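Taking the working numbering, the leading residue of the sequence shown gets 19, the next gets one more, and so forth.
Simulated from the structure, these hints should not be mistaken for lab results.
Some hints here could point you the wrong way.
Claimed, not checked - Once the Cα atoms are required to be at most 30 Å apart in a straight line, the calculated BS3-like pairs of lysine-lysine come out as:
hint : residue 1 : residue 2
1    : K144      : K119
2    : K104      : K335
3    : K275      : K315
4    : K33       : K72
In this text the structure is predicted, and so the values were computed from the model without any measurement.
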Amino acid sequence: SNSYVLHSNPLVKKKINVLNVKEYLNQLNQIGVEVDQNKRKSKILEEGNKIALKRKLKLLSDNILLNEVVSLVENPNIFVAKFDEKYLKLPSEILITSMKKNQKYFPLHTSSDDLSNYFLIIANLKPGDAGKLIVNGNQRVINARLEDARFFWEKDSADNFSDKTLELKRVVFHNRLGSVYEKIIRLSELALIFKNELNMDEDNYLNLKDSIAICKNDLVSEVVREFPVLQGTMGYYYANKSGLNKAIGLAIRDHYKPYGPSDSCPSTNISQMLAVLDKVDTIVGFFLINEAPSSSKDPFALRRAGLGIIRILSEGKFKLNLSKIIESATDIYIKNTISLKQVKSNEKYEVNSKIKKFILERYENLIKDNKNLQLYVYHSLKIDKNNLNFIDINYDFSLVQDFINSSEGNSFLVAFKRVINILNDQRESINTIARNTVNEKLLEFEEEKKLFTQIQLIIRENKGTKLKQLNSFSTLTKPINNFFENVQINDKNINIKNNRIFLLCSVKNYINQIVDFSKIIKGKEL
């Protein structure tokens with residue numbers, strides 16, 4: 019049979035002729051190519067940890083870098099090198115980013131998690147000089163790169179960080195939405211709405227305003243130009259070096275968070291507020307220019323921003339009307355952006371509706387990802403889209419889920435299902451008869467009188483909390499069951515029959531104003 023050249027390793031001069039896959043894998047192994055990525059990964063981790071341990075250091079996990087390097091080498095060989103200790107005076111993020119992003123090195127840390135000046139090099143070949151040439155060459159490269167980084171850091175540090183704001187006029191946010199400077203102006207206006215909605219005290223509001231004014235200033239710094247991934251992080255260092263309030267530095271550092279579903283939210287009150295304002299402004303802007311995410315594309319990471327807003331408001335316990343913030347952000351955009359001056363009121367309303375729907379879809383995705391939460395409970399909630407308050411939504415969700423999982427709630431569901439089934443059977447009758455209220459004089463049996471009395475009592479007195487409303491539903495369980503066991507709906511007298519249907523409709527309609535239990539019943543049966 020014919021042989022095929024399936025591999026030509028640049029480190030091996032001869033070509034490999036093989037007849038089948040098994041022989042191909044064997045021959046690759048003979049010339050020093052490890053096909054199994056998991057084995058390459060294990061080798062890097064095992065040998066890397068041994069090398070670190072010898073120097074009383076440790077290798078911190080970084081799966082992103084590890085997976086990238088594993089795909090770059092065919093047979094990893096690990097060497098340890100070091101850079102000049104003087105560079106440890108730089109922020110560790112600069113050093114780590116330079117090592118990982120540019121050179122694919124693995125930094126080593128001390129037992130207290132401080133960065134050391136040692137790092138691991140993963141090479142694709144095993145040299146005869148035990149790696150001396152590789153180590154020396156890489157040390158020269160990293161020291162040169164870190165010298166550049168030190169120059170950038172010192173140049174940035176010599177400037178007044180707060181004075182950089184005007185330079186943001188030349189940084190484009192989006193060609194149809196203006197500059198980053200214009201974004202800062204919008205955030206400042208939106209912050210006042212935020213203050214009023216949350217009843218912020220003056221000190222917190224002042225910190226928020228000061229954070230907004232300089233939160234993007236590091237975008238024009240030399241270090242961030244070199245390492246864009248460090249935006250926010252460098253702002254934190256520059257703000258601290260400028261002697262600004264520590265709360266401002268933390269807000270600048272964390273306002274891009276969370277970077278994804280596994281990332282933590284900003285930790286301080288001011289950083290949480292700044293993060294929400296920034297993300298709302300971004301989402302509203304791109305929706306206004308019709309750049310909302312499609313089914314397959316989300317180039318501006320708006321889904322991540324939407325999830326971040328929900329998580330921050332929920333974890334930060336912000337009792338905030340997000341709808342008001344979205345609407346205010348839309349008004350501010352239209353007022354301040356030349357390209358949006360012609361947006362009409364009906365278009366503005368449509369955009370706001372799309373954004374609210376988009377945010378609720380992100381909330382739904384969070385529920386889907388949580389195995390302890392049931393999606394049908396969310397669908398049963400009565401959510402006011404003009405007052406998206408995620409503290410209230412989360413509270414209602416928790417109450418309803420706890421209620422249906424209780425023995426009282428489960429008994430109520432069983433009884434209420436009988437109401438729904440009968441009304442579904444009587445749908446044609448309901449559609450053909452004129453809608454009317456229950457005529458108390460037509461109630462013949464004690465059981466239907468008690469059901470009527472109880473639902474009227476609940477309607478009259480149930481003006482309290484959601485918890486009180488849910489608990490009151492349990493008082494309907496026995497009257498509903500007694501009604502079905504002792505009262506026949508299909509009476510010969512059409513008026514009596516219709517009156518009984520009206521009674522059941524009144525029960526269903528009132529309950530469904532608060533929670534749509536029919537969706538819960540259907541969901542539990544699926």
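Each hint, compared with the structure:
{"no.": "1", "hint": "K144 <-> K119", "result": "holds (24 Å)"}
{"no.": "2", "hint": "K104 <-> K335", "result": "violated (44 Å)"}
{"no.": "3", "hint": "K275 <-> K315", "result": "holds (21 Å)"}
{"no.": "4", "hint": "K33 <-> K72", "result": "violated (40 Å)"}
Hint violations for this structure: numbers 2 and 4, all remaining hints satisfied.
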